[in-house]
Amino acid sequence: QQQVKQSPQSLIVQKGGISIINCAYENTAFDYFPWYQQFPGKGPALLIAIRPDVSEKKEGRFTISFNKSAKQFSLHIMDSQPGDSATYFCAAAWNTDKLIFGTGTRLQVFP
Amino acid sequence: SQTIHQWPATLVQPVGSPLSLECTVEGTSNPNLYWYRQAAGRGLQLLFYSIGIDQISSEVPQNLSASRPQDRQFILSSKKLLLSDSGFYLCAWSFRTDTQYFGPGTRLTVL
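Listed in order, the protein sequences are those of chains A and B. Under the working numbering, the first residue of the first sequence carries the number 407, and numbering increases by one thereafter. Under the working numbering, the first residue of the second sequence carries the number 2, and numbering increases by one thereafter.
Bear in mind the hints are in silico, worked out from the structure with no lab data behind them. No residue lacks a Cβ here, since even glycine has one placed at the ideal position from N, Cα and C. Heads up, some of the hints might be wrong.
Part of the chain B face toward chain A, derived, beta carbon under 8 angstroms [unchecked claim]: (1) N33; (2) A41; (3) G44; (4) L45; (5) L47; (6) S95; (7) F96; (8) D99; (9) T100; (10) Q101; (11) Y102; (12) G104; (13) P105; (14) V111.
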């Protein structure tokens, strides 16, 4: 019940396309859902986050869609660029000091 | 603004040797501190987290230990390294929120 399941494991998208990464969870007590972006050899950096009181949050080309009833949330990257090539992690937390991370998605955007 | 430092950036150690990785945070007081390990191409495994000086929780039993001798200093240690200890070690901090901020990481290779 503590798990966050992330898919796909890897994703190849053409420049200008839409990248979609999905995560699912079981624990209905989760109330914070961030996405992290990690470039090779670097630490993960917070990209965007959402709380379950809204169904969507958009920041530039990055959008989180949240479906509380399905216990799923996803990251959409519009107009994907080669510079977006990185590993993306979803995570979840609830009133604690710990984040539960997904297993990561390696995104490659080709020109 | 807050910054997080880790050193060394890279380390190559023989099996059976000791280990000491250091993490310091600037610009905040009494942060929560975390140690993660990331194996090549894998997700983030939480090793230890600390909510205060000498308050450390271990998530995974292993030959690693952590200490927090000062409010903003977090140290990861081992008395005898194993081959399986190789990986990318990440320190992170948070303060009164769910959001964690990661350091640049230490690449450890055990030969």
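Cross-check of the supplied hints:
{"no.": "1", "hint": "N33", "verdict": "5 angstroms, holds"}
{"no.": "2", "hint": "A41", "verdict": "11 angstroms, violated"}
{"no.": "3", "hint": "G44", "verdict": "4 angstroms, holds"}
{"no.": "4", "hint": "L45", "verdict": "5 angstroms, holds"}
{"no.": "5", "hint": "L47", "verdict": "7 angstroms, holds"}
{"no.": "6", "hint": "S95", "verdict": "7 angstroms, holds"}
{"no.": "7", "hint": "F96", "verdict": "10 angstroms, violated"}
{"no.": "8", "hint": "D99", "verdict": "4 angstroms, holds"}
{"no.": "9", "hint": "T100", "verdict": "6 angstroms, holds"}
{"no.": "10", "hint": "Q101", "verdict": "6 angstroms, holds"}
{"no.": "11", "hint": "Y102", "verdict": "7 angstroms, holds"}
{"no.": "12", "hint": "G104", "verdict": "5 angstroms, holds"}
{"no.": "13", "hint": "P105", "verdict": "5 angstroms, holds"}
{"no.": "14", "hint": "V111", "verdict": "18 angstroms, violated"}
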